[in-house]
Structure formats: C-alpha cells, structure tokens
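Student: The residues making up each chain are set out below.
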Amino acid sequence: QKEVEQNSGPLSVPEGAIASLNCTYSDRGSQSFFWYRQYSGKSPELIMSIYSNGDKEDGRFTAQLNKASQYVSLLIRDSQPSDSATYLCAVKFGNQFYFGTGTSLTVIP
Amino acid sequence: GAVVSQHPSRVICKSGTSVKIECRSLDFQATTMFWYRQFPKKSLMLMATSNEGSKATYEQGVEKDKFLINHASLTLSTLTVTSAHPEDSSFYICSAKSGAPTDTQYFGPGTRLTVL
Numbered sequence: 001q002k003e004v005e006q007n008s009g010p011l012s013v014p015e016g017a018i019a020s021l022n023c024t025y026s027d028r029g030s031q032s033f034f035w036y037r038q039y040s041g042k043s044p045e046l047i048m049s050i051y052s053n054g055d056k057e058d059g060r061f062t063a064q065l066n067k068a069s070q071y072v073s074l075l076i077r078d079s080q081p082s083d084s085a086t087y088l089c090a091v092k093f094g095n096q097f098y099f100g101t102g103t104s105l106t107v108i109p
Numbered sequence: 001g002a003v004v005s006q007h008p009s010r011v012i013c014k015s016g017t018s019v020k021i022e023c024r025s026l027d028f029q030a031t032t033m034f035w036y037r038q039f040p041k042k043s044l045m046l047m048a049t050s051n052e053g054s055k056a057t058y059e060q061g062v063e064k065d066k067f068l069i070n071h072a073s074l075t076l077s078t079l080t081v082t083s084a085h086p087e088d089s090s091f092y093i094c095s096a097k098s099g100a101p102t103d104t105q106y107f108g109p110g111t112r113l114t115v116l
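So the sequence lines, in the order shown, correspond to chains L and S. When you number the first sequence by this note's numbering, it's gap-free, plus one each residue, and the end is 109. When you number the second sequence by this note's numbering, it's gap-free, plus one each residue, and the end is 116.
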C-alpha cells in the first residue's frame, strides 16, 4: 500500500510569514510530485510539480524534493490571507496518483 | 492551457433518477481521466480511473453498476449516477491526465449533486 502522509493541521501563520507544508511518501520508486491548493467548496488547483531532487521556485512558492528522505515540501513566502486553503500533496508512481489528506493553512491578517 | 471543464456544476434531482456528469479536457487530449467524490471537510476519494476506449477501473467499494463511466473520446468522459439516492449527494470532481513528459492531473471545477 503506497502512502502519502501530510500533517492535517490546521497550520496558522501570520500574514507575511513563510508557510511550510510537508509531505512524506512511502514508495522510493515514486517519480513525480505535485502540490495542489483547494479552497473550501472548490476543486483542487495545481500549484507546482517537481520531478528531481532540489528546489523549484515559482513566484512565492518553492517546492523542495528529497528522494533519499522520501520527503517533499512546499514553502509559501510572504503568505497572504488568500493563501488560506487546504494544500494537497500528490505522488505519482507508475500510472497511479496517490494523494495525501491535505494540510489546512490559515493565514492570519 | 490544461483546462478541464465539468458540466453541470450543480444538480438537484429526485431520488431514483439518473444524473449524467460530463468532463472535458478543453485544450489537451487525455487518455486517462479520473473521477473523485468528496464529502464536506473530507479528503478526495478516488472512485475510478477512466481510460479512453476501454472499461473503467473502479476502486474497491465503488459499485460499477451504480456509477457508470464512459470515456468515448480523448477529450470527454462521463459519469452517470444511476438511480440516485440521498446518500449519493456529494461533490464529484473529475480530472484529466496530460501526456508525457509532465503526466500531470488537472482537475475540473466539480459538480455538486444533491439528491432529494
């Protein structure tokens, strides 16, 4: 059974701070890693994908992947109240995608 | 790019009726589409994986005769909830997988089904 683990939170950060979201996965053969944002009552929206070890930056978002530790994280710099949402980590192995249960983030103005 | 649409966005129906939900990839071809359901404040639950031109693969516990999936083209998959009952009320979300090398899932906006 392939597992993707996330801290359910809730995680609260003040506006302007860095929010750090973490995800671990069980299968070393996993190939691709994704972060989605889901607002309440809406469907998930892709934020970042990362495929190789290291950091990948896109605007205020940085994804970090460490395959040796089976760990992928998402950093949100200069957090805004509009970043308040549930963040889903997804891991692809073969043709299957495995989702974590999500971390709820609240950015406090 | 990578836009997925779903129709209808919201549907209310009487118990015993069937409801069809369409999922379309608008600007890419998707050999694989996925159907999820999500209850309030709960995580996504994969119902089935739909491959173009072949039968869908259902997750354990999902009744294939109740949730009929058709993936007749590379841009369209449909989910039909047959003889819907109040316990089928949920948020149904489809996603479409782009091809290599990115192989990324893009989600539709979801369909909120309420069965009275």
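Just so you know, these hints were derived from the structure itself, not from any lab. Every residue gets a Cβ at the ideal spot worked out from N, C-alpha and C, and that includes glycine. Possibly wrong hints are sitting among the right ones.
Unchecked claim - Keeping only pairs whose Cα atoms sit at most 25 Å apart, straight-line, the calculated DSS-like set for lysine-lysine is:
| hint | chain 1 | residue 1 | chain 2 | residue 2 |
| --- | --- | --- | --- | --- |
| 1 | L | Lys-42 | S | Lys-41 |
| 2 | S | Lys-42 | S | Lys-20 |
| 3 | L | Lys-2 | S | Lys-42 |
| 4 | L | Lys-42 | S | Lys-42 |
| 5 | S | Lys-20 | L | Lys-92 |
| 6 | S | Lys-41 | L | Lys-2 |
| 7 | S | Lys-64 | L | Lys-2 |
Stated by the list, open to error - A partial selection of chain L residues facing chain S, derived with a Cβ cut-off under 7 Å:
| hint | residue |
| --- | --- |
| 8 | Ser-43 |
| 9 | Phe-93 |
| 10 | Gly-94 |
| 11 | Phe-99 |
| 12 | Thr-101 |
| 13 | Thr-106 |
| 14 | Pro-109 |
Student: Would the pair Lys-2 (chain L) and Lys-42 (chain S) pass a check requiring their Cα atoms to be no farther apart than 25 Å?
Tutor: Distance ~20 Å between Lys-2 (chain L) and Lys-42 (chain S) Cα, so the pair holds.
Student: Is Lys-64 (chain S) within 25 Å of Lys-2 (chain L), Cα to Cα?
Tutor: holds (24 Å)
Student: Given the hinted pair Lys-42 (chain L) and Lys-41 (chain S), is their Cα-Cα distance within 25 Å?
Tutor: holds (11 Å)
Student: Just to be careful: measuring from the Cβ of Thr-106 (chain L) to every Cβ in chain S, is the smallest value less than 7 Å?
Tutor: For Thr-106 (chain L), the interface hint is violated, since the closest Cβ of chain S sits about 14 Å away, which is over 7 Å.
Student: Checking one constraint from the list: CA of Lys-42 (chain L) to CA of Lys-42 (chain S), max 25 Å. Satisfied?
Tutor: The hint holds at about 13 Å.
Student: Under 7 Å is the threshold here; is the Cβ of Pro-109 (chain L) close enough to any Cβ of chain S for the hint to stand?
Tutor: violated (23 Å)
Student: Hold the hint about Phe-93 (chain L) up to the distance rule: shortest CB distance to chain S must be less than 7 Å.
Tutor: This interface hint is violated because 11 Å lies over the 7 Å limit.
Student: Against chain S, with CB atoms and a cut of 7 Å, does the hint on Ser-43 (chain L) hold up?
Tutor: holds (4 Å)
Student: Tell me if the interface restraint on Thr-101 (chain L) is satisfied: Cβ within less than 7 Å of some Cβ in chain S.
Tutor: holds (4 Å)
Student: Given the hint that Lys-41 (chain S) pairs with Lys-2 (chain L), does the C-alpha gap stay at or below 25 Å?
Tutor: Roughly 23 Å separates the two Cα atoms, so the pair holds.
Student: Hint check: is the beta carbon of Phe-99 (chain L) less than 7 Å from a beta carbon of chain S?
Tutor: Hint holds; Phe-99 (chain L) Cβ to chain S Cβ min 6 Å, cut 7 Å.
Student: Given a cut of 7 Å on the nearest C-beta pair, is the interface hint for Gly-94 (chain L) held or broken against chain S?
Tutor: violated (10 Å)
When the structure is compared with the earlier hints, violations turn up for hints 5, 9, 10, 13, 14 and for no others.
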